[in-house]
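Each chain is listed here by its residues.
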Amino acid sequence: MTTDTSLQPRLLLPVALAALVILGSSMPWITVRTFSGNERVYNLADLRGGIAIIMTIALFVLIGGVIGIFKRLTGMTIMSLAVATLGWMAAISGMLLTLLWSLIPSINVAGIDLAKATLSQGSGVVVTVVASLALAFMVVRQLQPFATYAPSTHIPILPLVVVVPLTAIAVCMHSEWLRLGTDGAAVQAQVAGDALYGSGLVVLAIWLAIGLWIGALMVNRSLVMAVASGLTVAVSLIVGMYAIFMWAGGRLLDWLVPAKLEEWAAVSVEPQLYVVLVSVLITFIASVFGLFPKSHTVKLTLGVRTPGSTKFFYSDVAGAVLILFVLVTTVMQLR
Amino acid sequence: MITGFLTYIAIFGMTAIWVLGWMGLSVVVGSFFSLPLRTVMLVGATLGPLGFIVTIMIGILENRTTNSDPVLGTPQAGVPSQDFEDPFAI
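Which chain is which? The protein sequence lines are A and B, in order.
The first sequence runs 57 to 391 under our numbering.
The second sequence runs 1189 to 1278 under our numbering.
Because the hints were derived from the structure by calculation, they are not lab data.
It should be emphasised that the depicted structure is a prediction, and the values quoted were computed from it without experimental measurement.
The reader is advised that the hints may include incorrect statements.
[Stated by the list, open to error] Among chain B residues calculated to face chain A with C-beta under 7 Å, some are:
#1 1191
#2 1192
#3 1199
#4 1235
#5 1242
#6 1245
#7 1251
Virtual Cβ for every residue (Gly too), placed ideally from N, Cα, C.
Using the sequences and the accompanying hints, generate a full structural model.
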């Protein structure tokens, strides 16, 4: 543990990440799409006692923030544990339901028979989990023996290249890939990426891969990157096959039904499917490179801070951007 | 009111089981690799299954470092360690 205050982590980014996690709890956690074209979203606040849970966690974050002013690492640890609880609530609820539904489609959720609907995780899960993992790694990297392996000014590029498209895949897995039937029709099916058979397990693997890549950013060793690359290659292949089959199937149906009978049988491929195809291609190529140790040495070098240099902190800039995002989103939600 | 309270308890209980479960597993693995207990507990509690995997990786990396000779880089076969103590010696 560091004792020199100039070497301690800055407090703005952890506070911003904690605020982002709490904001994520007000975003959709579960999306239910019925075949009548309706879409219903649920989050923690919709549950009885949900607001009390959010308030309890916010209180612990506040306590952690105050303690962090005096004892930085202790405060950050309290904040991290509090938001990790919320992050795991989001992850468990979303993953359990989608995993269960992708294997046993005939269950009831919120009074809706899921044999007549599709179930997805909402965008709130992505925001909550990624922000809580980032904060957890910020705390963990201060502790021994993790501190030995954590990079300070030389950040590996490969995890940065993979994490962005992999997160895009995770987000797009929970949105519509294909739409069957027109908007005016009474029956309309919106097929999301995680509505496919067995996709619940694939979503779990995607999350694990994202976590491992964030870990590779913090633990600067070839072993972590090699394991993350191996898992990402497998995940990219499976998601790529899902996307190609879905795209080809949709196109095939569109071509095979020449007369659309007043367009009631229209099949439209949604833009998210193309985002998945492009992201899968990037992650696959990058993670194949990641299997070779030479690619792990490509690093981004940040400027070394000297005693005479200006007080510019990269984490403060990131924290300020996140705080701005949280404020704008909160204002937009309140309007 | 009662339903809300029970939901509150149930959700926190479920999350606590998840967090403590992964913390326990990480502590077991961390003890195997002789990693500091406080670090391993925090890693398991905050990172869950990911913390468990990261603990294994750090354990392997740490063992690689401690098992290698500082000069030659490999363990010396047949040469007793400096801190070796004969438990039967009086």
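- Message: I'd like to know which numbered hints this structure contradicts. Please list them from smallest to largest.
- Response: 7
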